[in-house]
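Student: The chain contents come next:
Number of protein chains: 2
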Amino acid sequence: MSVAAELGKITLSTDAETPVDTLFALVAGDMQAVDALIHARMSSAVSLIPELSRHLIDSGGKRLRPMLTLAAAHICDYVGSHHLNLAAAVEFIHTATLLHDDVVDASALRRGKVAANVVWGNKPSILVGDFLFSRAFELMVETGDLSVLGILARASSVIAEGEVMQLRSANNLGTTEADYLAVVTAKTAALFAASAEAGGALADAPLTIVGALRDYGLNLGIAFQLTDDTLDYLGGEQQMGKAVGDDFREAKVTLPVILALQRASEPQRRFWQRVIEAGEQSDRDLDTAIQIVRETGAIGESQARARAYADSAITAASRLPSQEMTTALIDIAEFCVARAF
Amino acid sequence: MSVAAELGKITLSTDAETPVDTLFALVAGDMQAVDALIHARMSSAVSLIPELSRHLIDSGGKRLRPMLTLAAAHICDYVGSHHLNLAAAVEFIHTATLLHDDVVDASALRRGKVAANVVWGNKPSILVGDFLFSRAFELMVETGDLSVLGILARASSVIAEGEVMQLRSANNLGTTEADYLAVVTAKTAALFAASAEAGGALADAPLTIVGALRDYGLNLGIAFQLTDDTLDYLGGEQQMGKAVGDDFREAKVTLPVILALQRASEPQRRFWQRVIEAGEQSDRDLDTAIQIVRETGAIGESQARARAYADSAITAASRLPSQEMTTALIDIAEFCVARAF
Chain A
939 MSVAAELGKI
949 TLSTDAETPV
959 DTLFALVAGD
969 MQAVDALIHA
979 RMSSAVSLIP
989 ELSRHLIDSG
999 GKRLRPMLTL
1009 AAAHICDYVG
1019 SHHLNLAAAV
1029 EFIHTATLLH
1039 DDVVDASALR
1049 RGKVAANVVW
1059 GNKPSILVGD
1069 FLFSRAFELM
1079 VETGDLSVLG
1089 ILARASSVIA
1099 EGEVMQLRSA
1109 NNLGTTEADY
1119 LAVVTAKTAA
1129 LFAASAEAGG
1139 ALADAPLTIV
1149 GALRDYGLNL
1159 GIAFQLTDDT
1169 LDYLGGEQQM
1179 GKAVGDDFRE
1189 AKVTLPVILA
1199 LQRASEPQRR
1209 FWQRVIEAGE
1219 QSDRDLDTAI
1229 QIVRETGAIG
1239 ESQARARAYA
1249 DSAITAASRL
1259 PSQEMTTALI
1269 DIAEFCVARA
1279 F
Chain B
939 MSVAAELGKI
949 TLSTDAETPV
959 DTLFALVAGD
969 MQAVDALIHA
979 RMSSAVSLIP
989 ELSRHLIDSG
999 GKRLRPMLTL
1009 AAAHICDYVG
1019 SHHLNLAAAV
1029 EFIHTATLLH
1039 DDVVDASALR
1049 RGKVAANVVW
1059 GNKPSILVGD
1069 FLFSRAFELM
1079 VETGDLSVLG
1089 ILARASSVIA
1099 EGEVMQLRSA
1109 NNLGTTEADY
1119 LAVVTAKTAA
1129 LFAASAEAGG
1139 ALADAPLTIV
1149 GALRDYGLNL
1159 GIAFQLTDDT
1169 LDYLGGEQQM
1179 GKAVGDDFRE
1189 AKVTLPVILA
1199 LQRASEPQRR
1209 FWQRVIEAGE
1219 QSDRDLDTAI
1229 QIVRETGAIG
1239 ESQARARAYA
1249 DSAITAASRL
1259 PSQEMTTALI
1269 DIAEFCVARA
1279 F
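One line per chain: the protein sequences are A and B, in this order. Counting in the working numbering, the first sequence runs without a single skipped number right up to 1279 at its last residue. Counting in the working numbering, the second sequence runs without a single skipped number right up to 1279 at its last residue.
Don't take every hint at face value.
Identical copies carry no separate label here, and so any pair may be met within one copy or between two of them.
[As the list claims (entries may be wrong)] As a list, the in silico SDA-like pairs of lysine to any residue whose alpha-carbon atoms are at most 25 Å apart: (1) K1061 - R1106; (2) K1061 - G1112; (3) K1190 - G1235; (4) K1051 - A1116; (5) K1061 - L1111; (6) K1051 - E1204; (7) K1061 - H993; (8) K1061 - T1123; (9) K1051 - E989; (10) K1061 - L1105; (11) K1190 - N1110; (12) K1051 - G1082; (13) K1190 - Q1241; (14) K1061 - E1115; (15) K1051 - L1084; (16) K1061 - A1120; (17) K1061 - R1232; (18) K1051 - S1250; (19) K1061 - D1223; (20) K1061 - R1049; (21) K1190 - R1201.
Quick caveat, the hints were computed from the structure, so don't treat them as lab data. Predicted model only: the values in this text are computed from it and were never measured.
Hey, can you work out the whole structure from these sequences and the hints?
Tutor: What follows is the structure, encoded as structure tokens:
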């Protein structure tokens, strides 16, 4: 799901305007054009392709990644219309990875809707993902800019590497913090980084600015994923669209688990071996897990790590030309982790 | 599987040098460099990626698609080394589609070996396919040539469209000859066409030459697939690596079936409905099917169609500069259908 949607659904008050909404307002005209382009380019004489694509693309993701691309291009004073192609391409790459992810994870839900693999089966999800991925490259070719093609092609292979790495850490308590960070960086942060970087590269911005955009996206992506993984064990008053304990029930080895394991007593270690490694869980285990990650300080430490990445994102953004959109990027990084406190 | 392997395995005499071998000898130096590049670029710190890639890439495909790219570049007097990148990219795209194909078809075998999806499971096959596909675009970015990127990106989305189309025709006797040809053109011929066309485009050849290369590849690809689908019902003395009746047992609606159905008596129509639509087959049904496609003339007609596409490929090749490699291309088109007679 797009981070915007993910951020949106955990807004503490549903009426509050988030920094994501603020950025959206600043690029609203462009986003309308991107939306039109996305719908035009997911069309195909093979009707199942737009049908399945629409199911996911129109499911309420707020498209933070293409917004990063547009904001980056504007901050770098880009003149032209190719940033629209680039933003649509970024969303297509993201959508393609979600389709393949849901097949790999056998997901039942995506963005609160029945996942495409459940509605149409795995085969069309794999193939429509391939289609959208190819269309992303067609859109980028139209920008006439080889540097953005290089940035997104590289990010795409890194994402795939991250996904393969992640397979190895399923049910695997031997997963180290370094393994976890490598997966998060590749699987989630690489596309955030590329989305922002490519917007600056398209505008032919100086390398220092393009580098700052990349650093911003990379650190924002890591901060976002760490926060998301932490929230899975928080719950309580913070009502989220995503149910507390989803990762736990899927026996995912996320940062709270890794840190709790480092601090585990012998009975706690046996607990994690049973619920994560063996995947044997009963009704009360989630409560126990939440209690352990809190008492061992694993949650506090996870939040602190996320905070540090958000701070790095803010530092990177402060190297960008000062303007309204840059302020929105800084506020988004702040908002991204604030939700976990 | 690469066409070379497919062609190779059905050589009537195993000692005979085929036109594919002749072309290979003409580009042997380049192919060695392409092979090195392929192995260098499928490397990853995530060891499962090169492991799984190697399983398929080193399984004896003779790589006709990258050979077409190299031959096209040479015929157009290309000077430089980027044709090697392009040829490696073409093979990566082909390998990625095979990996996804085998997941979609739940294939047990590929190139006579246990398929990757069986050895490692569907998840790594999907994700390593994505990785190789992304690497293909990275390789193409290095050519610095947007036109070849456009040609291959377009071909990739057409291939995905063809694969989705094909899902609809499974067990579906309503599949028309036009449907079948659309699938074959998109799924098989588009990459042959793009492989040849891109080699010419990289060399900045005149549009008429690039067009001839494209026409050659497209028609060769269709001729090849039609022949392959016909051979599935031939058998007899012509011993092939692929077992006779594979398509039949998978209830695929290929050209021989479509043509036989057009000519079917009422009992024959019921036969096809049972074995293809309902998928209910017993031991003697393959023999009956072979008898029907022969007696109705469906096989002869399928062969004639394949022959016509091969002739179109030869006509297209005759518009190319006359040289040894062009002769090899013509001989390959000839060989491609000759195996079915």
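Student: Please go over all the hints and tell whether each is borne out by the structure.
Tutor: How the hints compare with the structure:
no., hint, in the structure
1, K1061 - R1106, "both (24 Å within a copy, 11 Å between copies)"
2, K1061 - G1112, "between (33 Å within a copy, 21 Å between copies)"
3, K1190 - G1235, "within (19 Å within a copy, 59 Å between copies)"
4, K1051 - A1116, "neither (33 Å within a copy, 36 Å between copies)"
5, K1061 - L1111, "between (32 Å within a copy, 20 Å between copies)"
6, K1051 - E1204, "neither (41 Å within a copy, 46 Å between copies)"
7, K1061 - H993, "both (16 Å within a copy, 23 Å between copies)"
8, K1061 - T1123, "between (28 Å within a copy, 20 Å between copies)"
9, K1051 - E989, "within (15 Å within a copy, 36 Å between copies)"
10, K1061 - L1105, "both (20 Å within a copy, 8 Å between copies)"
11, K1190 - N1110, "within (8 Å within a copy, 41 Å between copies)"
12, K1051 - G1082, "neither (37 Å within a copy, 42 Å between copies)"
13, K1190 - Q1241, "within (18 Å within a copy, 55 Å between copies)"
14, K1061 - E1115, "between (34 Å within a copy, 23 Å between copies)"
15, K1051 - L1084, "neither (37 Å within a copy, 38 Å between copies)"
16, K1061 - A1120, "between (29 Å within a copy, 19 Å between copies)"
17, K1061 - R1232, "neither (42 Å within a copy, 34 Å between copies)"
18, K1051 - S1250, "neither (34 Å within a copy, 49 Å between copies)"
19, K1061 - D1223, "neither (35 Å within a copy, 28 Å between copies)"
20, K1061 - R1049, "both (20 Å within a copy, 22 Å between copies)"
21, K1190 - R1201, "within (18 Å within a copy, 57 Å between copies)"
Going through the hint list in order, the structure does not satisfy hints 4, 6, 12, 15, 17, 18, 19.
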